[in-house]
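Please build the complex by placing chain D on the supplied structure of chain P, with the hints as guidance.
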Amino acid sequence: MSEGIGAPVKRKEDKRFLTGKGKYTDDIRMENQAYAAFVRSPHAHARVKAIHKATAEGMPGVEAVLDGHQLTGDGIGNIICGWAITSKDGSPMNMGAWSALATEYVRYVGDAVAVVIADSKEEAQEAALAVEVDYEELPVAAHIDAALAGDAPQIHENAPGNVVYDWEIGERDATEAALASAAHVTEMDITNNRLSPNPMETRAAIATFDEAEDHYTLYTTSQNPHVARLVLSAFYAVAPEHKLRVIAPDVGGGFGSKIYIYPEEIACLWASMKTKRSVKWTGDRTEAFLTDAHGRDHVTRARMGFDGDGKIVGFQISTKANFGAYMSLFSSAVPTYLYATLLSGTYNIPNIYCEVLGVYTNTVPVDAYRGAGRPEASYVVERMVETAAREMGRDPADLRNINFVREFPHQTPVIMNYDSGDFEGNMRQAMEAADWAGFAARKAEAAGRGKLRGIGMSCYIEACGIAPSQAVGSLGAGVGLWESAEVRVNPVGTIEVLTGSHSHGQGHETTFAQVVAERFGVPLDSIQIVHGDTDKVQFGMGTYGSRSGPVGLSAIVKACDKVEVKVRQIAAHLLECEADDLVIEDSQVKLPGTNKALGWHEVGLAAYTAHNLPADMEPGLKEGAFYDPENFTFPMGCFIAEVEVDPDTGKTEIVKFVASDDFGVIINPLIVEGQVHGGIAQGVGQAMLEEVVYDATGQQLSASYMDYAMPRADDLPSFVVAHHNTRCTTNPLGIKGCGEAGAIGSPPAIINAITDAIGNNDLSMPATPSKVWGLMQSAKIAAE
Amino acid sequence: MENTNYHKAASAADAASLLSGAEDGQLIAGGQTLLPTMKARLAAPSDLVDISGVADMRGVTVSGSSVTIGAMTTHAEVAGDASLRAACPAICDLAGKIGDPAVRHRGTIGGSVANNDPAADYPAAMLALGATIKTNAREIAADDFFTGMFDTALDEGEIILSVSFEAPAKGAYAKFPNPASRYAMCGVFVAQGAGGVRVAVTGAGNDGVFRASDMEAALGSNFAPDALDGTSVSADDMLSDLHGDGAYRANLVKVMAKRAVAAIA
Chain P
1 MSEGIGAPVK RKEDKRFLTG KGKYTDDIRM ENQAYAAFVR SPHAHARVKA IHKATAEGMP
61 GVEAVLDGHQ LTGDGIGNII CGWAITSKDG SPMNMGAWSA LATEYVRYVG DAVAVVIADS
121 KEEAQEAALA VEVDYEELPV AAHIDAALAG DAPQIHENAP GNVVYDWEIG ERDATEAALA
181 SAAHVTEMDI TNNRLSPNPM ETRAAIATFD EAEDHYTLYT TSQNPHVARL VLSAFYAVAP
241 EHKLRVIAPD VGGGFGSKIY IYPEEIACLW ASMKTKRSVK WTGDRTEAFL TDAHGRDHVT
301 RARMGFDGDG KIVGFQISTK ANFGAYMSLF SSAVPTYLYA TLLSGTYNIP NIYCEVLGVY
361 TNTVPVDAYR GAGRPEASYV VERMVETAAR EMGRDPADLR NINFVREFPH QTPVIMNYDS
421 GDFEGNMRQA MEAADWAGFA ARKAEAAGRG KLRGIGMSCY IEACGIAPSQ AVGSLGAGVG
481 LWESAEVRVN PVGTIEVLTG SHSHGQGHET TFAQVVAERF GVPLDSIQIV HGDTDKVQFG
541 MGTYGSRSGP VGLSAIVKAC DKVEVKVRQI AAHLLECEAD DLVIEDSQVK LPGTNKALGW
601 HEVGLAAYTA HNLPADMEPG LKEGAFYDPE NFTFPMGCFI AEVEVDPDTG KTEIVKFVAS
661 DDFGVIINPL IVEGQVHGGI AQGVGQAMLE EVVYDATGQQ LSASYMDYAM PRADDLPSFV
721 VAHHNTRCTT NPLGIKGCGE AGAIGSPPAI INAITDAIGN NDLSMPATPS KVWGLMQSAK
781 IAAE
Chain D
1 MENTNYHKAA SAADAASLLS GAEDGQLIAG GQTLLPTMKA RLAAPSDLVD ISGVADMRGV
61 TVSGSSVTIG AMTTHAEVAG DASLRAACPA ICDLAGKIGD PAVRHRGTIG GSVANNDPAA
121 DYPAAMLALG ATIKTNAREI AADDFFTGMF DTALDEGEII LSVSFEAPAK GAYAKFPNPA
181 SRYAMCGVFV AQGAGGVRVA VTGAGNDGVF RASDMEAALG SNFAPDALDG TSVSADDMLS
241 DLHGDGAYRA NLVKVMAKRA VAAIA
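Each protein sequence line maps, in turn, to chains P and D. By our numbering, the letter at position 616 of the first sequence is numbered 616, and the numbering carries on one by one without gaps. By our numbering, the letter at position 28 of the second sequence is numbered 28, and the numbering carries on one by one without gaps.
Pulled out of the complex, with its shape left as it was, chain P reads as follows (with noise of 0.2 Å):
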């Protein structure tokens, strides 16, 4: 069987992985090693008046106990976010400082007050409960109304009322005329509910300070090591980049929550300095809940207008995004060119306008989480057209298709530009997969057995492939993000690839290998693809919105042109033909209809032993590439779901669901319908079981698995998945992406089939048991 670009290979590192081998930070032991534990806040938002720190040093094998100050004092920086947002009236953000532990004031309960290194974990965490603070607790705004309310407390000096901005996109009031004149007009408050992104491996940090060679190295639990290393050296100055080696070894999960630098690995790399030892931390699942950057947490108003044809006339959104006490990395983007860019959706929209308030409160941060900003948009659209549809007395599937984008390119009011797709394609696919047409004999089945059966549809979609990067420049991002590759073709011909992407769960080891060994007609067995390591990989943007693909295996393309160039050179010269006329294929370099043919190898060997190589040629095989997409891409589906609702006990089973999704050019299909697979359960999380509860005081009530409920195998259905992929016109594989479009295009087409099945479209996230009967209730009792 072919191994190239679409073979369902199995993955080349489960191997490891199922058998336990897999080495991931956690697994690492240094020699003359430290542990550290952290002394967290028990409080959402106080003043440090003190911290008593001579018990703990005192305690048996404690080396240190670091607070800020001394953090400060050395001169590590403030942690940053890197995408500035301007707000409507023109003015910059109003971010608020960021010290990894901190100084004046807590923040959020789990904020790292200071950290006590011992020998042993166990000492380490004992010594950490005998850190005695003393706080003076002030008022907490725990949630979004909180933190706008007039009496709120002031989170950080710097954001007056809690606003980091008041940014907008489109045109208010050609939107706003559209509206007026709408035939109708629905509108919804819509509320995407704060996630805790449960990574399968917590985040962890091993760093050593070299004195001799004055050098660190971190192993980290990262997607993206090289921006690791770039924001720990310009921004935190922990240690200068040249002298710093970021390694993120095999990680479990990411979902996003690991893109970011958080204060753990900047105490850790300061602390070894500070000490001289290897500084390990290794977060617990409590820690995990506590102080991983959480995901969504939107409150939204929307407005949509059609006219009596049912012909979408215009979109007015209004979003107040939660980004809780401090601005993570890329948060600032996440409600703004990652979620109202999309607001589109899979239709022709004239008029658009959306308004986004960014809000402090005493919470554990907000940033990307699988799909970030998009499933926030998805969510909104395909709510509102579900609910105009049954408002209007119009089929769902129709008021979709008569609004569908048809023609391609497509510039949509708020700054994305389709490049390819058939939308009415993948919805009547999935319509026929999941038997749309037989439904209503379902439903009176169903109701014979005493259940309400319901059906939604969800045609999201999605931009992938971030990003091209003079535009995201030009919208305030502080990064490039192209992705890079170098491809080595060794002397015996096998091939290394290094790649700025990193793999933490999509099986690039073996997908990226795929590309490359259909590229040069070589097995599979003789690449590998190398990630990961700065002192071993050239600089790379790393693993994040679905990029690696389209973005990360691009540039592995580009360099394989290069590769090819100089194959195709030493090869005629060895050969006296033509470098045109060779063919690549079957580890061979030939000229069809000659007995004239160099083994790969061959030709490696001839690269490097230089004995006989084209005048003025270098010697050697190995070229590297950046690839900066031109666009993103934009992967798109339709999702339908089916339900039953118990209406004794309000629960809700999913009977069947049906994803068809376009993801383009697809490498591996296993690969995929596994992405596609873990995007929908996660979507399934989402929608009905997942949610991060704070208290007023801004304790997190869900902070385990006691109280967060994670999907599991009997939460889901067998999934029905297809495909009808019309091919990306923007880069040269044709790939769209596909790492995030389960979570994005589930949760609506979830609520939408319990809304349709329980008759009320005012149900929120989650639908968990409880809240669909008791919105039963509160309709019945209307009813009276």
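Misleading hints may appear alongside valid ones.
As the list claims (entries may be wrong) - Here are the in silico distance ranges between beta carbons for each label pair: (1) D:ASN3 to P:ASP628: 53 to 59 Å; (2) D:LYS39 to P:ASP586: 55 to 61 Å; (3) P:ASP714 to D:LYS39: 24 to 30 Å; (4) P:ALA441 to D:ASN222: 32 to 38 Å.
Stated by the list, open to error - In silico negatives: residues of chain P with every beta carbon more than 12 Å from chain D: (5) GLY478; (6) VAL583; (7) VAL720.
Since the hints were derived computationally from the structure, they do not count as laboratory data. Just so we're clear, the structure is a prediction, and the values are computed from it rather than from any experiment. Ideal placement from N, C-alpha and C gives every residue a C-beta, glycine not left out.
Below, chain D without anything else, positioned relative to chain P:
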């Protein structure tokens, strides 16, 4: 977790003596509640006395309709015991749905009963079956044993040896699991035996497991799901948390009770 001294008891008497000699001793059976509690530093006993290996505290004996289950019998053993299934399938089904396989192979009936977690399953079974809790000091009727959330009639240092009951003519347990923890948000055990109908509710009450006497009376005169239509429990007496308020749990009590009855009526 803080440091603790571990002792493995050879017998119940040995355990009692180890416990009395400890500064702040604590019995440990399967440890499925105690160990997580200790890891969270919510408990820090100076000494752990492990009774899980005491052989004569383990195993199921069925003699006619009389059932005795050793306190250290695991949930998996209860779930899988053929003679018990023949006598009282409801308790096997209940045990088979506690936690996950790892929990079921460590957790014990004695540990669950002694802990009296308000969301644990076994207390409902004990109460509905009118079980007798036998300790190293005495025998205690289930009606007298469960005295409130995490509270029992056990004295300091008293050790449960076994539980026993007469298998009812009919019995069923219906449980609505918490979406996150999968503990019972509401579990109702209904038993119809020589002594009449007993209905015990776990997971829902704000003072732990309780008997629903109105439901018992209604079912006593008509053992059918519909008989429960006119009954109710007060929402004010129910737990209320982020997973559901008192009204929701009160509803669940009735729904689960009806389902338990429907399964055996």
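Here's how the hints hold up against the structure:
{"no.": "1", "hint": "D:ASN3 to P:ASP628: 53 to 59 Å", "in the structure": "holds, 57 Å"}
{"no.": "2", "hint": "D:LYS39 to P:ASP586: 55 to 61 Å", "in the structure": "holds, 58 Å"}
{"no.": "3", "hint": "P:ASP714 to D:LYS39: 24 to 30 Å", "in the structure": "holds, 27 Å"}
{"no.": "4", "hint": "P:ALA441 to D:ASN222: 32 to 38 Å", "in the structure": "holds, 37 Å"}
{"no.": "5", "hint": "GLY478", "in the structure": "holds, 38 Å"}
{"no.": "6", "hint": "VAL583", "in the structure": "holds, 56 Å"}
{"no.": "7", "hint": "VAL720", "in the structure": "holds, 25 Å"}
This entry satisfies every hint, going by the numbered hints stated previously.
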